[in-house]
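Trainee: Take the sequences, apply the hints, and build the full model.
Sequence order for the protein chains is A and B. So the first sequence is residues 10 to 98, counted in the numbering used here. So the second sequence is residues 119 to 570, counted in the numbering used here.
Simulated from the structure, these hints should not be mistaken for laboratory data. Careful: at least some of the hints might be erroneous.
[Unchecked claim] With the C-beta cut set under 10 Å, the calculated list includes, among others, these residues of chain A facing chain B:
{"no.": "1", "residue": "Val13"}
{"no.": "2", "residue": "Leu56"}
{"no.": "3", "residue": "Val86"}
{"no.": "4", "residue": "His88"}
{"no.": "5", "residue": "Glu89"}
{"no.": "6", "residue": "Met95"}
{"no.": "7", "residue": "Arg97"}
[Unchecked claim] Each computed BS3-like pair below joins lysine-lysine, with the alpha-carbon atoms no more than 27 Å apart:
{"no.": "8", "chain 1": "A", "residue 1": "Lys11", "chain 2": "B", "residue 2": "Lys363"}
{"no.": "9", "chain 1": "B", "residue 1": "Lys347", "chain 2": "A", "residue 2": "Lys19"}
{"no.": "10", "chain 1": "A", "residue 1": "Lys75", "chain 2": "B", "residue 2": "Lys176"}
{"no.": "11", "chain 1": "B", "residue 1": "Lys176", "chain 2": "A", "residue 2": "Lys74"}
{"no.": "12", "chain 1": "B", "residue 1": "Lys176", "chain 2": "A", "residue 2": "Lys11"}
{"no.": "13", "chain 1": "B", "residue 1": "Lys348", "chain 2": "B", "residue 2": "Lys362"}
{"no.": "14", "chain 1": "A", "residue 1": "Lys19", "chain 2": "B", "residue 2": "Lys348"}
Computed from a prediction, not measured in an experiment: that's the story for all the values here. For each residue, glycine too, the CB sits at the ideal point set by N, CA and C.
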Amino acid sequence: MKAVITVTGKDKVGIIATASAQCAKFGANIVDISQTVMKEYFAMIMLVEIDALNTDFAAFADELKKAGEENGVDIRVMHEDIFNTMHRI
Amino acid sequence: MLNTQDILQTVTMIREENLDIRTVTMGISLFDCISDDPARLEQKIYDKITTSAKNLVKVCEELERTYGIAIVNKRISVTPLSYVGAGLSPDGFVKLAKALERAAVELGVNFIGGYSAHVQKGAIKGAVNLIESIPQALTETTRVCSSVNVATTKAGINMDAVKRMGEIIKETAYLTRDNDSIGCAKLVVFANIPEDNPFMAGAVHGMGEPDTVINVGVSGPGVVSAAIKKAGQCDFSTLADTVKKIAFKITRVGQLIAAEAAARLGVPYGIVDLSLAPTPAAGDSVAEILENMGLECTGTHGTTAALALLNDAVKKGGVMASSHVGGLSGAFIPVSEDRGMIAAASKGTLTLEKLEAMTAVCSVGLDMIAIPGDTSAATISGIIADEISIGVVNTKTTAVRVIPVYGKGVGESAEFGGLLGYAPIMPVKSESCEAFINRGGRIPAPIHSLKN
Chain A
10 MKAVITVTGK DKVGIIATAS AQCAKFGANI VDISQTVMKE YFAMIMLVEI DALNTDFAAF
70 ADELKKAGEE NGVDIRVMHE DIFNTMHRI
Chain B
119 MLNTQDILQT VTMIREENLD IRTVTMGISL FDCISDDPAR LEQKIYDKIT TSAKNLVKVC
179 EELERTYGIA IVNKRISVTP LSYVGAGLSP DGFVKLAKAL ERAAVELGVN FIGGYSAHVQ
239 KGAIKGAVNL IESIPQALTE TTRVCSSVNV ATTKAGINMD AVKRMGEIIK ETAYLTRDND
299 SIGCAKLVVF ANIPEDNPFM AGAVHGMGEP DTVINVGVSG PGVVSAAIKK AGQCDFSTLA
359 DTVKKIAFKI TRVGQLIAAE AAARLGVPYG IVDLSLAPTP AAGDSVAEIL ENMGLECTGT
419 HGTTAALALL NDAVKKGGVM ASSHVGGLSG AFIPVSEDRG MIAAASKGTL TLEKLEAMTA
479 VCSVGLDMIA IPGDTSAATI SGIIADEISI GVVNTKTTAV RVIPVYGKGV GESAEFGGLL
539 GYAPIMPVKS ESCEAFINRG GRIPAPIHSL KN
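Mentor: In structure tokens form, the structure reads like this:
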């Protein structure tokens, strides 16, 4: 199973480090990273394997959200199925 | 591999365009609670609801965090109580309403529907007594929702019930006069009521439904509105395609949540309701969609056509996205719950007559409309009869949820709070329809109901 982590906000030093440190802490393996600009915001997208999470999915999502708030960016963790369902027939 | 733009589109829809799941509603049959002892009936109903739905809120909260999308309401619908409590007195029904309220509080759900009766051709004793108890029940509870089906295309219109409902609405308005007659916001009069509608105040768990079921109502006016804005000055075919594509995506999320909630709760999945449901929040308005199509103000000429296009395109896009579609499935136009509708009504561009015309091309009816407190019961019955006729003749669901706000008149507004919003008091005709309403009896079913 995979989850998609999106980080959006004003670009600043250490955003990737913040998100990837949390992934390492909770056992989420990063399989892909890309970044782009969405409107005036920086947007980073990480695809992570969540089969070996050492906590439950909701707690993982909450921790990343909190880490984002501490760094002034919006971090969302969403199960990949929501994207697969919406964008694939 | 997922496409970056697709991911960002989903995130934008949720973050900026108010995409959410409007409601996950668990339908619960209460037929196995029937007892000739009122106290035992009450206890069995409370126990069945609190046992069947004990994990509903918890599972919905897990899903919100897993998929990153808000599930705004968690709700329950039950078998119409007029059947389950057929032997009860009006006082007995009020006690049942309080039991439903206690169950709703215990479970943390904001509304519970099914304080209902179906009387399209005539009323059983339980239905008569339940209808009599509605004003008291809606005054003594805050989460219980009531509905009465007074007509079907097959049966015609029970005008005795239409007459009585005008009086019941007035009584409810009076009893809840300290809160802008809010009791009436929890009471809907229907034609062709669906048996699997997840939306309040009209949700009931129908006779042909399984013991328990999960039905989901999607939302998304903000998403449709943004897509139309982005499409710019295109022709109508492109406009309809734009709505279809976005409706597909919205509905797919509803389908995912419905299937996943049902699986985690161990309950069958029923339907996804494709209705676009607005909220009073900015950017979550059906009126704004119509205005983005090119209307200066909702209610002006062209509004019915714009709404017809929208409603049809939403269904066409949504139907392929879900394995089972049901409920009301159409754009909602509740006045008090839609910021654009409130503005248009305050300006006087959106009138009761125009709203009635709009309901011929969408679901669900004259919804959350505040009218003067001194409107007579007969006039309210006339409003109901007109709206119900549209449903009966066009073989569709229509409904009336009007609030004659006690002590207030045109120029003032009513405040209901939360998702129910606020509404300017809209004028009604002053000429009487009392002699018409007083005829009594039934309006026969239309000729095209004879399809066999």
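Trainee: Just pull the numbers of the violated hints for me, sorted ascending.
Mentor: none
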